[in-house]
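S.K.: Given next are the chains, with one letter for each unit.
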Amino acid sequence: MSTRILSGLGLVLLALQAQAAPMGFKDSWMSMGDFSPNWREVFANYATTPRDAFGLGYTYMRSDDEEQTRNLAELNYTHLFKRWNLRDAQANFWFIGGIGALRGNDFDGTKTMVSPGIQFDYETTRVYFSATQRLYRAHDINHDFSSVRAGFSFYETDYDQTQPWFILEARHMNDLSDKVEVTPMLRLINKNYFVEAGVNNSSQLRFNFMYIF
Amino acid sequence: MKKFVVFIALALASNLAFAASSIRAEVNGMVCAFCAQGIEKKLKNLSQTQDVFVDLKKRVVAVQLKDQQTLAREDFTKIIQDAGYEVSKFEVVNQPLADIKAELGSSK
Numbered sequence: 001m002s003t004r005i006l007s008g009l010g011l012v013l014l015a016l017q018a019q020a021a022p023m024g025f026k027d028s029w030m031s032m033g034d035f036s037p038n039w040r041e042v043f044a045n046y047a048t049t050p051r052d053a054f055g056l057g058y059t060y061m062r063s064d065d066e067e068q069t070r071n072l073a074e075l076n077y078t079h080l081f082k083r084w085n086l087r088d089a090q091a092n093f094w095f096i097g098g099i100g101a102l103r104g105n106d107f108d109g110t111k112t113m114v115s116p117g118i119q120f121d122y123e124t125t126r127v128y129f130s131a132t133q134r135l136y137r138a139h140d141i142n143h144d145f146s147s148v149r150a151g152f153s154f155y156e157t158d159y160d161q162t163q164p165w166f167i168l169e170a171r172h173m174n175d176l177s178d179k180v181e182v183t184p185m186l187r188l189i190n191k192n193y194f195v196e197a198g199v200n201n202s203s204q205l206r207f208n209f210m211y212i213f
Numbered sequence: 001m002k003k004f005v006v007f008i009a010l011a012l013a014s015n016l017a018f019a020a021s022s023i024r025a026e027v028n029g030m031v032c033a034f035c036a037q038g039i040e041k042k043l044k045n046l047s048q049t050q051d052v053f054v055d056l057k058k059r060v061v062a063v064q065l066k067d068q069q070t071l072a073r074e075d076f077t078k079i080i081q082d083a084g085y086e087v088s089k090f091e092v093v094n095q096p097l098a099d100i101k102a103e104l105g106s107s108k
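Taken in order, these protein sequences are the chains called S and A.
Here the first sequence is numbered in this note's numbering, starting from 1 and rising by one per residue.
Here the second sequence is numbered in this note's numbering, starting from 1 and rising by one per residue.
Derived from the structure by calculation, the hints contain no laboratory data.
The beta carbon of each residue, even a glycine, is placed where N, CA and C say it ideally should be.
Keep in mind that the hints are not guaranteed to be accurate.
Once the Cα atoms are required to be at most 25 Å apart in a straight line, the calculated SDA-like pairs of lysine to any residue come out as [as the list claims (entries may be wrong)]:
| # | chain 1 | residue 1 | chain 2 | residue 2 |
| --- | --- | --- | --- | --- |
| 1 | A | K89 | S | D160 |
| 2 | A | K58 | S | D160 |
| 3 | A | K66 | A | N45 |
| 4 | A | K66 | S | D160 |
| 5 | A | K42 | A | K57 |
| 6 | A | K42 | S | N85 |
| 7 | A | K58 | A | F90 |
| 8 | A | K57 | S | G151 |
| 9 | A | K89 | S | F95 |
| 10 | A | K44 | A | L104 |
| 11 | A | K78 | S | F95 |
| 12 | S | K82 | S | R134 |
| 13 | A | K78 | S | W84 |
| 14 | A | K66 | A | K101 |
| 15 | A | K41 | S | W29 |
| 16 | A | K41 | S | T162 |
| 17 | A | K42 | S | N192 |
| 18 | S | K111 | S | D175 |
Some chain A residues well away from chain S (every beta-carbon gap over 12 Å; in silico) [as the list claims (entries may be wrong)]:
| # | residue |
| --- | --- |
| 19 | S21 |
| 20 | S47 |
| 21 | G84 |
| 22 | D99 |
Cβ pair distances, simulated, as ranges [unchecked claim]:
| # | chain 1 | residue 1 | chain 2 | residue 2 | range |
| --- | --- | --- | --- | --- | --- |
| 23 | S | L205 | A | E103 | 42 to 48 Å |
| 24 | S | N142 | A | E103 | 41 to 47 Å |
| 25 | S | D88 | A | D75 | 22 to 28 Å |
Model the full assembly from the supplied sequences, consistent with the hints where possible.
M.R.: As structure tokens, then:
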């Protein structure tokens with residue numbers, strides 16, 4: 001039993017999405033993009049409360065051998081289970097889920113895909129950690145996504161300045177890749193934008209962004 | 001009569017910032033400029049607001065109010081909470097924003 005619990009916790013800690021937080025503040029729209037040759041994701045959501053956001057997303061997935069491709073269009077929902085606002089840090093525990101239509105080059109028509117997931121993140125002005133586990137399931141298909149990120153800022157900045165960070169991400173997409181993708185990235189955070197860029201261990205470019213309206 | 005005067009004095013000393021020039025608050029959890037932009041946007045949209053200053057290093061949010069304008073502590077706290085943070089200290093000061101920035105050591 002304890003092994004199962006530990007395994008579950010391990011899974012929680014072995015995953016993450018591209019963003020610092022998967023939604024903006026109440027009554028705001030947030031858009032996000034995560035681009036690489038094998039995984040391209042864009043979504044936008046609207047925060048109806050400080051804890052809930054509803055949105056639309058599109059994800060393109062491709063296997064390492066470039067034989068398999070997937071296109072997922074989904075409705076998604078984000079919920080903040082718990083936030084810890086500390087004096088010099090913030091930590092969050094999120095639910096992220098979606099349901100949508102999946103198309104693939106190795107089957108006809110569409111399949112319904114559900115994608116429930118959880119995310120934990122912890123951040124100060126100098127260090128960052130995040131882990132996400134998200135299931136991507138449809139009939140006979142399992143592309144579960146796991147990721148973990150950790151990083152540090154090079155120095156503290158004022159609110160109006162751009163802060164550079166070093167972020168290291170490891171992630172895995174089930175049944176699309178046999179290996180763990182590792183990407184060192186430069187992150188730039190400004191009060192108006194959030195961008196990341198790096199090169200993964202397959203020598204592929206990665207680019208992520210977030211913008212809040 | 002004495003009771004009435006005491007009541008008025010207490011009311012003035014409580015949550016409302018009557019005719020004071022600025023609000024200075026300490027905010028917990030405010031560690032990222034991108035995530036904290038909601039605080040600035042929401043406060044700047046208020047009709048009472050002259051200007052807003054956010055100091056990430058010292059976790060301070062300051063609001064200079066327009067002349068004769070007030071902002072209740074409850075309203076300020078609600079805005080901070082809607083942006084995802086918590087107010088740990090709230091005070092009304094008779095200082096312009098420039099003085100608060102200077103105190104905090106900001107060059108801006």
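S.K.: Each hint should be assessed against the structure and marked as holding or not.
M.R.: Verification of the hints:
1. A:K89 - S:D160: holds (23 Å)
2. A:K58 - S:D160: Distance of about 14 Å is within 25 Å: holds.
3. A:K66 - A:N45: Roughly 13 Å separates the two Cα atoms, so the pair holds.
4. A:K66 - S:D160: This hinted pair holds, its Cα atoms lying about 23 Å apart.
5. A:K42 - A:K57: holds (21 Å)
6. A:K42 - S:N85: This hinted pair holds, its Cα atoms lying about 19 Å apart.
7. A:K58 - A:F90: The hint holds at about 14 Å.
8. A:K57 - S:G151: Given pair K57 of chain A, G151 of chain S holds - Cα atoms ~19 Å apart, limit 25 Å.
9. A:K89 - S:F95: violated (30 Å)
10. A:K44 - A:L104: Cα-Cα ~21 Å, so holds.
11. A:K78 - S:F95: holds (24 Å)
12. S:K82 - S:R134: With Cα atoms ~18 Å apart, K82 of chain S and R134 of chain S stay inside 25 Å; holds.
13. A:K78 - S:W84: holds (17 Å)
14. A:K66 - A:K101: The given pair, whose Cα atoms are some 17 Å apart, holds under the 25 Å limit.
15. A:K41 - S:W29: Distance ~13 Å between K41 of chain A and W29 of chain S Cα, so the pair holds.
16. A:K41 - S:T162: Given that 25 Å is the threshold and the Cα spacing comes to 18 Å, the pair holds.
17. A:K42 - S:N192: Holds: K42 of chain A and N192 of chain S sit about 14 Å apart, inside 25 Å.
18. S:K111 - S:D175: Holds, at about 17 Å.
19. S21: holds (21 Å)
20. S47: Non-interface label on S47 of chain A holds, nearest chain S Cβ at 17 Å vs cutoff 12 Å.
21. G84: violated (6 Å)
22. D99: Fine: 17 Å to the nearest Cβ keeps D99 of chain A off the interface.
23. S:L205 - A:E103: 42 to 48 Å: Given about 45 Å between the Cβ atoms, the range holds.
24. S:N142 - A:E103: 41 to 47 Å: Violated, at about 57 Å.
25. S:D88 - A:D75: 22 to 28 Å: Distance hint for D88 of chain S, D75 of chain A holds at roughly 26 Å.
Hints 9, 21, 24 from the earlier list are contradicted by this structure; the remaining hints agree with it.
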